[in-house]
Amino acid sequence: MSKLKYESPVIKKMNAGLMNKFGTRTEYQPLKHIDGVAVKDMIAKYGSPLFVLSERKMRNNYQAALRAFKTRYPKVQFAWSYKTHYNNAVCNVYHQEGSWAEVVSGFEYQKALKNGVPGNKIIFNGPDKSIDELNEAIKNDSLIHIDHFDELYTLIELSEKAVKKPRVAIRVNMDTGIYPLWDRFGFNYENGTAWNAITKIVASGKLNLVGLHCHIGTYMLAPWAYATAASKLCDLAWHAKNQLNNPVQYIDLGGGFPSANTLKGAYLPGSDTVPHIEEFAEAIASTIIAYGFKPDELPLLILESGRALIDDAGYLLGTILANKRLSDGRRATILDFGVNMLFTSFWYDHKISPAQDFTHHSEDQVLYGPLCMNIDVIRESVNLPLLNKGDQVVVHKVGAYNMTQWMQFIAMRPNVIMIDMKGETHLIRQKETLQYLEMPEEMPLHLKEFKL
Amino acid sequence: MIEKKARFIFEGVINSYAVLFFSNHKVFSYLLIAVSFFNPAAGMAGLIAVLTAVFTATTMGFNAVATRSGFYSFNALLTGIGFGSFFESSAVFFFLLILAALFTLVLSVTLSGVLGKYGLPFLSIPFIITFWIILLSTKEFSNLGLTQRNIYWINEMYAVGGKPLLNLFNAIENIPLPKWLSVYFKALSAIFFQDNILSGFLLSIGIIVYSRIAFTLSLVGFFGAYLFNEFTGANQAGINAYHLGSNYMMIAMAIGGFFTISSVYSYLWAFLSVPITNILVISLSKVFGVFLLPIFSLPFCIMILLYLYFLKLRVFAQKLVLTPIQHYSPEINLYQFKNGSERLKNEYYFKFNLPIIGEWLVTQGYDGKITHKEDWSKALDFMILDHQLKSFSGKGNALENFYSYNKPVLAPGDGYVQEIVDYIDDNPIGEINREQNWGNSIVLFHATGLFSKLSHLKKNSFIVKQGEYVKKGQVLAYCGNSGRSPEPHLHFQIQSTPYIGSKTLAYPISYFYQGDGKEIKYKTFSTPQEGSFVANININKLLQQAFAFQPGYSIKFKEGNIIETWTVYTDAYNLTYISCKENNAVAYFINNETVFYFTNFYGSKNSMLYQFYLSVFKVVFSYMPQVTIDDVLPLSIVKAPIVKIIQDFVAPFVQLIKPKYMLNYTSIDDEYFTSEIKLESVIEIDVMRHKRIYRTSQITLSNGRLNQLVINEAGKERVFTCID
Chain W
68 MSKLKYESPV
78 IKKMNAGLMN
88 KFGTRTEYQP
98 LKHIDGVAVK
108 DMIAKYGSPL
118 FVLSERKMRN
128 NYQAALRAFK
138 TRYPKVQFAW
148 SYKTHYNNAV
158 CNVYHQEGSW
168 AEVVSGFEYQ
178 KALKNGVPGN
188 KIIFNGPDKS
198 IDELNEAIKN
208 DSLIHIDHFD
218 ELYTLIELSE
228 KAVKKPRVAI
238 RVNMDTGIYP
248 LWDRFGFNYE
258 NGTAWNAITK
268 IVASGKLNLV
278 GLHCHIGTYM
288 LAPWAYATAA
298 SKLCDLAWHA
308 KNQLNNPVQY
318 IDLGGGFPSA
328 NTLKGAYLPG
338 SDTVPHIEEF
348 AEAIASTIIA
358 YGFKPDELPL
368 LILESGRALI
378 DDAGYLLGTI
388 LANKRLSDGR
398 RATILDFGVN
408 MLFTSFWYDH
418 KISPAQDFTH
428 HSEDQVLYGP
438 LCMNIDVIRE
448 SVNLPLLNKG
458 DQVVVHKVGA
468 YNMTQWMQFI
478 AMRPNVIMID
488 MKGETHLIRQ
498 KETLQYLEMP
508 EEMPLHLKEF
518 KL
Chain C
105 MIEKKARFIF
115 EGVINSYAVL
125 FFSNHKVFSY
135 LLIAVSFFNP
145 AAGMAGLIAV
155 LTAVFTATTM
165 GFNAVATRSG
175 FYSFNALLTG
185 IGFGSFFESS
195 AVFFFLLILA
205 ALFTLVLSVT
215 LSGVLGKYGL
225 PFLSIPFIIT
235 FWIILLSTKE
245 FSNLGLTQRN
255 IYWINEMYAV
265 GGKPLLNLFN
275 AIENIPLPKW
285 LSVYFKALSA
295 IFFQDNILSG
305 FLLSIGIIVY
315 SRIAFTLSLV
325 GFFGAYLFNE
335 FTGANQAGIN
345 AYHLGSNYMM
355 IAMAIGGFFT
365 ISSVYSYLWA
375 FLSVPITNIL
385 VISLSKVFGV
395 FLLPIFSLPF
405 CIMILLYLYF
415 LKLRVFAQKL
425 VLTPIQHYSP
435 EINLYQFKNG
445 SERLKNEYYF
455 KFNLPIIGEW
465 LVTQGYDGKI
475 THKEDWSKAL
485 DFMILDHQLK
495 SFSGKGNALE
505 NFYSYNKPVL
515 APGDGYVQEI
525 VDYIDDNPIG
535 EINREQNWGN
545 SIVLFHATGL
555 FSKLSHLKKN
565 SFIVKQGEYV
575 KKGQVLAYCG
585 NSGRSPEPHL
595 HFQIQSTPYI
605 GSKTLAYPIS
615 YFYQGDGKEI
625 KYKTFSTPQE
635 GSFVANININ
645 KLLQQAFAFQ
655 PGYSIKFKEG
665 NIIETWTVYT
675 DAYNLTYISC
685 KENNAVAYFI
695 NNETVFYFTN
705 FYGSKNSMLY
715 QFYLSVFKVV
725 FSYMPQVTID
735 DVLPLSIVKA
745 PIVKIIQDFV
755 APFVQLIKPK
765 YMLNYTSIDD
775 EYFTSEIKLE
785 SVIEIDVMRH
795 KRIYRTSQIT
805 LSNGRLNQLV
815 INEAGKERVF
825 TCID
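Chains W and C, in that order, are what the protein sequence lines are. Take any residue in the first sequence, note its place counting from 1, add 67, and you have its number in our numbering. Take any residue in the second sequence, note its place counting from 1, add 104, and you have its number in our numbering.
Read the hints as simulated data drawn from the structure, not as lab findings. These numbers were taken from a predicted model, which means no experiment stands behind them. Check before you lean on any hint, since a few could be wrong.
Unchecked claim - Selected chain C positions facing chain W (in silico; Cβ < 10 angstroms):
id	residue
1	Ser497
2	Phe566
3	Ile567
4	Glu775
Even glycine gets a Cβ: it sits at the ideal position worked out from N, Cα and C.
So here's chain W without its partners, still in its complex pose (with noise of 0.2 angstroms):
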């Protein structure tokens, strides 16, 4: 028999519950494997903190999704986000899936093309796109997705000199009965500037107006608001149909799909108040199917979620440094991971399992991070087991934007590792070094030297 686990000993407040005995329990599992793979293999071998994709996960969202918009509506085409998550591998798992890449700055555009994505299935957002690459973009026939009138009168400026009519989309923004009112994106529906800079693209004859693009929100929780923005798209797709002579060839209802995490001051937990995609779909195809098009002229229809189709297929594998008492009595435990590669700590309270079995005892305490700076919190007060030093922790749904908004600030990111289909594990982004943080360095000569 191995040695028993040394708990400090706490003074509890007496709780008055039913009486129980086998005394009180947590909810916690640990969760030893992922995808078959145990958690301790997987940082014995790549070190510890670790992000890990279930490849399995993100090719079963990805089905689900399409399989909920297109057992409702007959042409769906979904754009991968590359915001979201724009690892090369993670992007063509999406690809060969069959989807498309949304990108929305320019060394993302270069991302898609190096990936084999064919510039005419790129849809480039955004409202900055730099000249150069605008005319990238028309070059390869990528939808360009409009965000500003001076966006607007650059590309008929430039689609004087090009070779091909630029294809273009206008990114609209309404008011669909939620908060907030995403107005700095596109032209507004309510006041009549979308309809103005569709007119205006039509009237240029310059541009090639194929699509209407809007973006309610992030995180919608509500699958009415976009019954609300696909009812208004559609509306300005009937008129540029009937009153312009342009009929519109797709409407992208953008992305904004929420994933099973819950949001920080959120009441219930995220896993039973988010709407499934669904109901999402049901709202967003219903609308259009019986808005009035012909069966065979409806428009297709973009979708360009991201979080949704790869939060829950990330995790982070981290080990617990240290616990500390707080001087209000509270336990703090200390993690090798913080807030510079959990960007997402700050919206959500993500769930966290330890790696390993542990004891029935639990106690509130503060998930610290190991930066040298306050903010550095994972989480504000959890209830967990008692963790120990090099005790194994594993953080869920970290698939979305953690990957692309963390920073290396104090520590460098760590490896990212891919489970495939078949339970095998593979390195797609390794830890970053001294030498790869300091390649982009310049040193002035007469800073080179210098004697302490």
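Place chain C on chain W using the hints.
Same frame as chain W, now just chain C:
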């Protein structure tokens, strides 16, 4: 005007000859005329009689098509030849000849009316009746003498062709032929009341030229009679040259290849009909012998009429098919029928789509083991399954967990909403409602006697109303779990009556994908199989637009300096065709909004239109890179004459030459916003399992139309470009 009429009469006369052998082959006609003049008086009398009949029929305004094809006058021809063969020419002779010709015409027209009602031919009955009447009556006409020319025919021959002809004739008669062969030739010549090998030989050549099938059938008739005679020991009763020719061989040709589509079965019937005819010949000869009347081809006529009427009354005729459209050639009849039944049979179906969006599993197909039984066996159940073949996510204890639940259900075809039931609650998972077993249902009326029904729909989910007209693909309601349904699924059936509980009707789905998990197949006019995943095909707008070919549409193609202008027309039967302005070539096509295909081509095979006809023989308006569209081409595209002749001989039994058309979708620039598609079609000719690529063509569609055709035939490349 007169010239036109003379031309018309001329054609009527010429055609009357070949019709005797169920043909409209011009060369064969001229040969028959020549052979008839081997007995100059008979030949002359025949010509006069035909002329009289055609002239009268034309002048009196009988059906022009029938008159011109020789249909009314071939009996007069027989009467004339018979007249010339039996009687000595004189003034009375000519008078009676013309009278007899007119009488034959009257009988022909009358019988065509009487028998036509039953869809039966009058055959040589007018000739037989006329000749009987003549024979019975002329015994009283002392000025009309029986001729002896048939006995001294060598004199006649000499009179016509002099010594050379006579020598040729003698030479042929003296060729040491096997007995059966000389009997065969003589039997053929006896159809023209002659008795010589040369005529028979020429006739047999004529028959081969006209039809290889008819020729083999004449052998079947000949040997059938011969064998039967040997078998019964009938001592040649009923086996004289005339009966061999006019009854046995003719009946074999008529039954085996003309009135029915040639096949093993038609040959078998042809063979079996010979002994029966033989019995008829013997027995009828005894009856009519009393009146000293020859029975001529009466047994043939009786047999054919019986045979045809007998076959017509069948309810279900799959083998031994009566010729649907008469092309006056056993080969053409057979090839057209085969090609048509392989290619066009589906055009008559009402075109149903699957009532679903996306990919669904057929959980229960026709004759399913669970509920698709007895009168309700021809139905389909659909359900959505995920990649783990589960029908639900989560725990699967709520309707909302099921992928099929609340999914749109589409109209499978255009039609009126006949009936809606929308008051039955959806069952909780695992429970069924046997009281109202169909659950919420909708019945659509598509055509008289053709309804479709969708069941187990979600309560209060109907988007359409009773009496409303719905278009194919329109959302009707949502899938639910009402009625006899333990978990959400969709029941779909076609029926011939409008009720919710109507029994099912087996009816194909026109175009769909079917996958078994390994590969996806494109299916046409078939029934989705249980256990397979199915989905509707997606129509590609560019393909549909490029092949739209509305009447009045015109397109120009250029090859080098040559330009052809093709314009689309519709004819009186609402058939669409493309006509080339420069060379009058015509290509008939069908466009049913899902598929474009050619049905026929007439005109020069050097035209660009012909190349176009071969290149896009069939195109489905869906971009399917993984699929090969194939089709059967008519034999007429094959150029090798010897192989074709061999094929004709064995056509009823085996098809040696199989020209196959295959179309592949090679590239597309964008699946949704298509501006360019490339197709490649290949024609492969399979001669006795030796496959050979005959030609390939690359077709480029862009700018919403057909843009370029690159054809490669026998190493030669031709490029057609579309110009405005």
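* Interface hint status, glutamate 775 (chain C) versus chain W (Cβ within 10 angstroms) -> The hint holds - glutamate 775 (chain C) has a Cβ within 10 angstroms of chain W, the shortest such distance being about 8 angstroms.
* Given isoleucine 567 (chain C) as an interface hint, is the shortest Cβ-Cβ distance to chain W below 10 angstroms? -> Constraint on isoleucine 567 (chain C) satisfied, holds at 7 angstroms.
* Against chain W, is serine 497 (chain C) within 10 angstroms by beta-carbon distance? -> holds, 7 angstroms
* Was the hint right that phenylalanine 566 (chain C) lines chain W, CB cutoff 10 angstroms? -> Hint violated; phenylalanine 566 (chain C) Cβ to chain W Cβ min 13 angstroms, cut 10 angstroms.
The structure fails hint 2 only (numbered hints given earlier).
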